[in-house]
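Participant: Each chain, letter by letter, is given below.
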Amino acid sequence: MTERESASEAILDVAEGISAEPITQWDLFVTRLRRHRLATIAFFYMGFIGFVALLAPLFTCQKDDTFCGRGPVEMSGLTTVLMLATALLVGYFAYRSFVSKLRGMAVALTFVTVVLGIFLVSSWGLLDVPHVNHYADQLPDESGRILVNIAPRGSIPLGTDDLGRDVLARVIHGGRASLAVGLVVGALVALLGTVIGSLAGYYPGVVDQSLMRFTDLVLGLPLLPVAIVVGRVLPELQFLPGFLKQGAWGIAVLVGLLVWGALARIVRAEFLSLREKEFVEAARAAGASDRRIIFRHILPNALSPIIVQTTLIVGTAIILEAALSFLGFGVRPPIPTWGGMAASGASIAVRGFWWELVFSAGALISTVLAINFIGDGLRDALDPTQTIERK
Amino acid sequence: MSSTTQSPVATDNLLEVKGLQKYFPIHKGVLSRHVGDVKAVDGLDFHLGRQETLSLVGESGCGKTTAGRTLLRLYDPTGGSAFYRPKAGDPPINLFRLGQREMREYRRDLQIIFQDPYGSLNPRITVGNTIGEALRVHGLARGSELSDRVEQLLERVGMRAEVSNRYPHEFSGGQRQRIGIARALALNPKLIVCDEAVSALDVSIQAQVINLLKDLQSEYGLSYIFIAHDLSVVRYLSDRVAVMYLGRIVEIGATAEIFGNAQHPYTKALLSAIPIPDPRRRASHIPLIGDVPSPINPPKGCHFAARCSIAEDRCRGEYPAMEGPEGGHQAACHLL
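Chains A and B, in that order, are what the protein sequence lines are. For the first sequence, the working numbering begins at 1 and goes up steadily by one. For the second sequence, the working numbering begins at 392 and goes up steadily by one.
Since the hints were made in silico from the structure, they are not lab data. Just so we're clear, the structure is a prediction, and the values are computed from it rather than from any experiment. Take these hints with a grain of salt, some might be off.
Here are the simulated DSS-like cross-link-like pairs (lysine-lysine), alpha carbons at most 30 Å apart as the crow flies [said to hold, decoys possible]:
1. K277(A) - K659(B)
2. K605(B) - K478(B)
3. K277(A) - K409(B)
4. K409(B) - K691(B)
5. K409(B) - K659(B)
6. K691(B) - K419(B)
7. K605(B) - K659(B)
8. K605(B) - K277(A)
Listed below are several chain B residues computed to face chain A (Cβ distance under 7 Å; list not exhaustive) [claimed, not checked]:
9. V426
10. L463
11. D507
12. L512
13. R515
14. F650
Backbone N, C-alpha and C fix where the C-beta goes; we use that ideal spot for every residue, glycine too.
Just chain A, same shape as in the assembly:
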């Protein structure tokens, strides 16, 4: 079957028969994405993780005294099941609304906006005021003793750490830091990389040369050492607003400022090739301004690599934040992060208490994998030359 035939078949697939509805790029994109099984699962998984992280305080603080109290967490079997079921349902609807044709873009965008909004607002408290201990959740037994290093069992599904804190609660809260870093870095990188890459690609000569040499400079910085040094100095800087000194925000901005170079290069390359296209010349012949050509003709066509690359950079950023926290230069304890938990988990794992290390590292690895699969799926789905094959 030729590519054209299978593509038109896919079109029919989407439209369910020949209809008068125009088939948009979005429809084709969704069709291709649906065929990408790993990416589908990854989308689903990320919806789930995002939801859990978003509502973390609700799931892990059940004591009626204070919402953010130091009280014990009683994750009964039923609560756990209910929580998981809700999360799965939300993840599923998020996915459905993202790929379904009819509601399409509008619903997906609304959803993403709402989630981002709630997420940012709710994580503000966490990230801004790091010493509220609602994620510490130490578990006393009946006699009031703190239960340290408890192996996973019924009411403590992932066990407790060496301070007697519930690992599940901390994994869930740790996800908030990781996802916050991912989102902030993603936004920062998309903005910086696109703006710098576009300008360099559209205006050859001095603008291009100076911007790209600057990009080379940033790409040349050794990531981890610079992040460690700056991360160390960050809390001492007087002129910085408070929220940048503590917690995940500072790390996120720092990482974002270090990793946009790859995207800028890709965007520049796209611009260089697209600005020679005939439809751009046609727009110029029609008298369109530079701004109109950039925003209406070139940028939309360069969007695919921007989306894909940003997604992949988000994965890298989460790893980098975890590495910094693991080394003790990232988010400071007791704020839980997957990297920090892996560090403390590693120190007790040698004594046989493996669960904190395994579950925090597992959460980290699976999340980064999921993000990379999404990136992969997006790359395939956004590539118009991609042949659609039925599996």
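On the provided structure of chain A, position chain B as indicated by the hints.
Facilitator: Just chain B now, with coordinates in the frame of chain A:
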């Protein structure tokens, strides 16, 4: 179609081009030192009458596309002038002297149809928005007026008005080329540069598009600069033909003159390459040996001398001047 064949240059010509030059600089090394130029177009003189079709023909790389685009200021001209008279009797305006802002005003009159029907439409924009873009940019129409105008244009080029909210990938090459034509027509231009506008199409579709172009010409009084390498199409469509070789015009004249009474040896060789659909006729093919010389360092004498079967010493020493009546049939050869 009108004919300005043998008459001297009429003062009310739409366009008079003098010494049109376009060099592409070559930069080398870390400091981007300017080491030379690709002389893509090196001094073109021609005129274009109202409602006239002038074809630029020549082999690949002879500069015909560059000439067309430079004329529309899609490339910055290196030298020369292009005097444009919007209406007969208007004072001529040198398009090459206009600033970007002033040029925008004249872009309404000068449009282009591209060769590649796939590359010339933005895949992310609906057909209707593509056609309407120029109207919107120039603030000529908006809202329902705009969509009416777009539908009108679509119907004029033989497509259904409903397709305006569809995307380019849903159309065939011929349909896309019609969309490209509708886009060029949107601003009621006076001149359209057809850059190999039918070369990428099937022969049957070619015929449809060519006839559409002809109809539109008489309907709207358009002038065409038709850039092509298919000589049978050129013969059918044009009033006058300019044969280009390595950035210069070697022969120019009325279509009948060029095809019936070619003077320049290059033109003769080019014409002999047209296949004749008659098995009994023996082809008298004049083979061209060798390659076109480099446009970076063109030879001192006649550019064609190295491949010419009748070249003399003189041809290699100095470039021949155009011979023939101004505005009529002219050729640049020492041996006429």
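Participant: Decide, hint by hint, whether the structure agrees.
Facilitator: We went through each hint and held it up to the structure:
1. Of the pairs offered as hints, the one joining K277(A) and K659(B) is violated, with about 35 Å between alpha carbons and a cut-off of 30 Å exceeded.
2. Among the hinted pairs, K605(B) with K478(B) is consistent with the structure: their alpha-carbon atoms are about 21 Å apart, no more than 30 Å.
3. Of the pairs offered as hints, the one joining K277(A) and K409(B) holds, with about 29 Å between alpha carbons and a cut-off of 30 Å not exceeded.
4. A hinted pair counts as satisfied when its Cα atoms are at most 30 Å apart, and K409(B) with K691(B) qualifies at roughly 21 Å.
5. This hinted pair checks out: K409(B) and K659(B) have alpha carbons roughly 26 Å apart, not beyond 30 Å.
6. Taking the CA atoms of K691(B) and K419(B), the gap is near 25 Å; set against the 30 Å cutoff, the hint holds.
7. With a C-alpha separation of about 27 Å, the suggested pairing of K605(B) with K659(B) holds against the 30 Å cut-off.
8. A C-alpha spacing of about 27 Å is found between K605(B) and K277(A), which places the hinted pair at or below 30 Å, so the restraint holds.
9. Below 7 Å, beta-carbon pairs count as interface contacts, and V426(B) has none with chain A, the closest being about 17 Å; its hint is therefore violated.
10. The interface hint given for L463(B) is met, as the beta carbon of that residue sits about 6 Å from the closest beta carbon of chain A, less than 7 Å.
11. With its C-beta approaching chain A no nearer than about 6 Å, D507(B) sits inside the 7 Å limit, and its interface hint holds.
12. Hint on L512(B) holds. Least Cβ distance to chain A is approximately 6 Å, under the 7 Å limit.
13. The interface hint given for R515(B) holds, since its Cβ lies 4 Å from the closest Cβ of chain A, which is under the 7 Å cut-off.
14. Hint status for F650(B): violated, given a least beta-carbon distance of 30 Å to chain A, over 7 Å.
Checked against the numbered hints above, the structure breaks hints 1, 9, 14 and satisfies the rest.
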